[in-house]
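All chains, please: the whole structure from these sequences, using the hints.
The residues making up each chain are set out below.
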Amino acid sequence: MTSFESSPSLTPPTRGPRSSRKHTAKVDTTGLYTRAIRESFIKLDPRVMVRNPVMFVVWVGTIITFITILSPNLFGSVPGQNQQVYNFLITLILFFTVLFANFAEAVAEGRGKAQADALRATRSDTKARRLSPKGVVEEVNSTNLRKGDLVKVIAGDIIPADGEVLNGIASVDESAITGESAPVLKEPGSDIASSVTGGTRILSDELTIRVTADPGQGFIDRMIALVEGAERTKTPNEIALTVLLAGLTLIFLVVIAVLPLIANYRGSPVSIATLISLLVALIPTTIGGLLSAIGIAGMDRVAQFNVIATSGRAVEACGDVNTLILDKTGTITLGNRLAEEFITVNGHTQQAMAKVALAASIFDQTPEGKSIVSLANRLGAKIDFDESKSEGVEFTAKTRMSGTNLPDGIHVRKGAVDAIKGFVRSRGGNLTPELDAAYEKVSRLGGTPLAVCQENEIYGIIYLKDIVKPGIRERFEQMRRMGIRTIMLTGDNRITASVIAAEAGVDDFIAEATPEDKMRVIQAEQAENKIVAMTGDGTNDAPALAQANVGVAMNSGTQAAKEAANMVDLDSDPTKLIDIVTIGKQLLITRGALTTFSIANDISKYFAIIPAIFSAAGLQSLNIMGLASSQSAVLSALIFNALIIPALIPLALRGVKFKPLTADQLLQNNVYIYGLGGIIAPFFGIKIIDIIISSVGLK
Amino acid sequence: MKNLTLVDEIGIQRDNIMQLLGSEKPQKSIPLKLFLALCLNLLIAPTVYAASSGSVSRTSSYAIGLLLIVTVALAIYLLVAMLQPQRF
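So the sequence lines, in the order shown, correspond to chains P and A.
Following the working numbering, the numbering of the first sequence begins with 1 at its first residue and continues without gaps.
Following the working numbering, the numbering of the second sequence begins with 1001 at its first residue and continues without gaps.
Think of the hints as simulated: they come from the structure by calculation, not from any bench.
Just so it is clear, the structure is predicted and the values come from calculations on it, not from any experiment.
For glycine and all other residues, C-beta sits at the position ideal for the given N, C-alpha and C.
Don't take every hint at face value.
Chain A is faced by these chain P residues, among others (derived, beta-carbon under 8 Å) [what the hints assert, rightly or not]: (1) 76; (2) 255; (3) 502; (4) 505.
Residues of chain P clear of chain A, computed beta-carbon distances all greater than 10 Å [to be verified]: (5) 85; (6) 92; (7) 144; (8) 234; (9) 383.
Structural data, given as structure tokens:
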């Protein structure tokens, strides 16, 4: 990337408004539930189960109760009839509790695997037309292509490898990767439009491509590795929650282990199956069973936005973000800045200005450069020099200008006003207040002023018009309510930056920023213990992407940027950072809500089981639910405990509905809805199940 | 060279033995763990039987002994899950 404002690389592809586009890649989810059911049985392997402490305890309990079906009096004689049937029912319910938890995880994992399969399907070997150095076309297998090879693709072909367009203009169907059905125009000379991905299909015309990746190193190969993610590592919040859940389970295990001593002393012995039921009802099985599914679903929701997260940690960090660093162009504004007007100075005519602007932009392949050429042509400007004998001067972040060295030795330049002033001054030219007035006029309109000069003479200012995205102000308002600070970075001057910042409603802005400023801002924010998110696409963004807590690289960006970032946006749309932060927040809220619900549930289950079991010990008055018998109380609580897991799977996968509120308001809502709801719901649920059990004669 | 006292010598020998045991510690397999648990139960079950004053059968005392071992093992496992959660 050259600069924040002059590079088109942060500009999203022209695919229509984002709200009208689908964000789901072409993932085949047919048979997802059948596969999940099969997977939930496979996950019963103790080596897999041991990774989830809460459910492992339930699994061990299931095995013990299974033994008691075969020999009900194995652990000593227990009072009561039909012990085998009772133990069988308990075993069955416990088994389904484990199975439901496995199913929740398997469904969540299923989508990621389906996405990897969809990507793998596009990776099939194809025939490629390789161009030899002599220009002869030879047909080879795509696996034989190497970096630097030239290939020719024509309409209908699958592009054999990742590459850069050298010649031709064609429309390409990238839906295999992005899920976006509208074809994308590919042409040489533009950061986004010139890069093609292996596995996508060319729909019209033909292209000559230089291969940029060896076999197995292509974009799709890397994405498959990312989506499959081999072993998913726990995020810091998941680790903290695991400690809490394991601690609660341990406490209840100790409590249940000493209960028989008290029960026997009171002359009211309790069977092992009942004790295990009590343990399972009291430990937080709901959140224990859904914990990993919530995390995986969070990553999946990010993937549905066509963003590949390298780890759950990155998604989770999004939820804690305090500061968002955003580029102006393409993120806050529409990004397709076009030349609107030439404002002449020093008495030059529009035609003279147009001629110099055309000469300065003839080698500029950015959308801005092309729009200047187009405006100059409309004003009747023509090229009156030999292009082949001229030399194009590219834009750099250091010089902040571009232009052309004409065959007769004359230098024409366009660029940031300060940079052009310096150029003119170095050649002995004079600067007039007229230039400053034009510069200020454009800046106050929120446009980008570009000065144009020929040697030591300034001809005027080009007004590059950019428009703030509709609805972006409301989004920033939401961010503010969530306690997130937004900082806009722009290469524009202070006046333009302040106008756009005020219009968009960002909290702060940094004008005339260089890529290094990103790094400086991130470090300053992190020094205040803030979590920072940013987007980038250039090699010089890579250090900042690595430094940020959440770095989102654009798919159209360089390899270095993609490797430094912890997320890659397949649509190359920087605005998505805002969506990703929302998903991260939603993930944390969902986990918090279900944990609250799960622990609150225990209180009700406690009231259901304890009085029923110890009715002989005088605790019958606590049986406020009026449950029929101790056996039906235990079965009802266990059935409720098992059924609540599949009932909450949709919520765990979809996430709790997100509202942009402050942390305090969110906590209050959580306590009311999931805390109180978690206490009340089991009272009704257990009572209803108890009535059903009693009516079918199972009491 | 400093003369070693008996206390020093015991310490050195203890370290050597621990090192030797550590270097030759076999990878404990599940069957071995189960075997050790059953052996441990040979100590626990008679204790349970004696404590019950005949109210539980000999077979039950072995089953209760095993259940105690499983409970303690689960408690240790949960403790490890709390102390080293990243392993799970």
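Status of the hint placing residue 255 of chain P at chain A (closest C-beta pair under 8 Å): The hint is violated - residue 255 of chain P has no Cβ within 8 Å of chain A, the shortest such distance being about 12 Å.
Beyond 10 Å from every chain A Cβ - status for residue 144 of chain P: It holds; residue 144 of chain P is separated from chain A by about 43 Å at its closest Cβ, greater than 10 Å.
Quick check for students: does the CB of residue 92 of chain P sit more than 10 Å from each CB in chain A? Check passes; 21 Å lies beyond 10 Å.
Chain A contact restraint on residue 502 of chain P - CB to CB distance below 8 Å: violated, 47 Å
Is the claim that residue 383 of chain P lies outside the interface with chain A correct, judged by CB distances over 10 Å? holds, 65 Å
Interface hint status, residue 76 of chain P versus chain A (Cβ within 8 Å): holds, 5 Å
Hey, is residue 234 of chain P genuinely clear of chain A, shortest beta carbon separation above 10 Å? Answer for residue 234 of chain P: violated, closest chain A Cβ roughly 6 Å.
Should the interface hint for residue 505 of chain P be scored as holding, given a Cβ-Cβ cut-off of 8 Å against chain A? Not OK, violated: residue 505 of chain P not within 8 Å of chain A, min 41 Å.
Residue 85 of chain P: least C-beta distance to chain A exceeds 10 Å? Holds: least Cβ distance 21 Å, greater than 10 Å.
When held up to the earlier numbered hints, the structure conflicts with 2, 3, 4 and 8 and fits the remainder.
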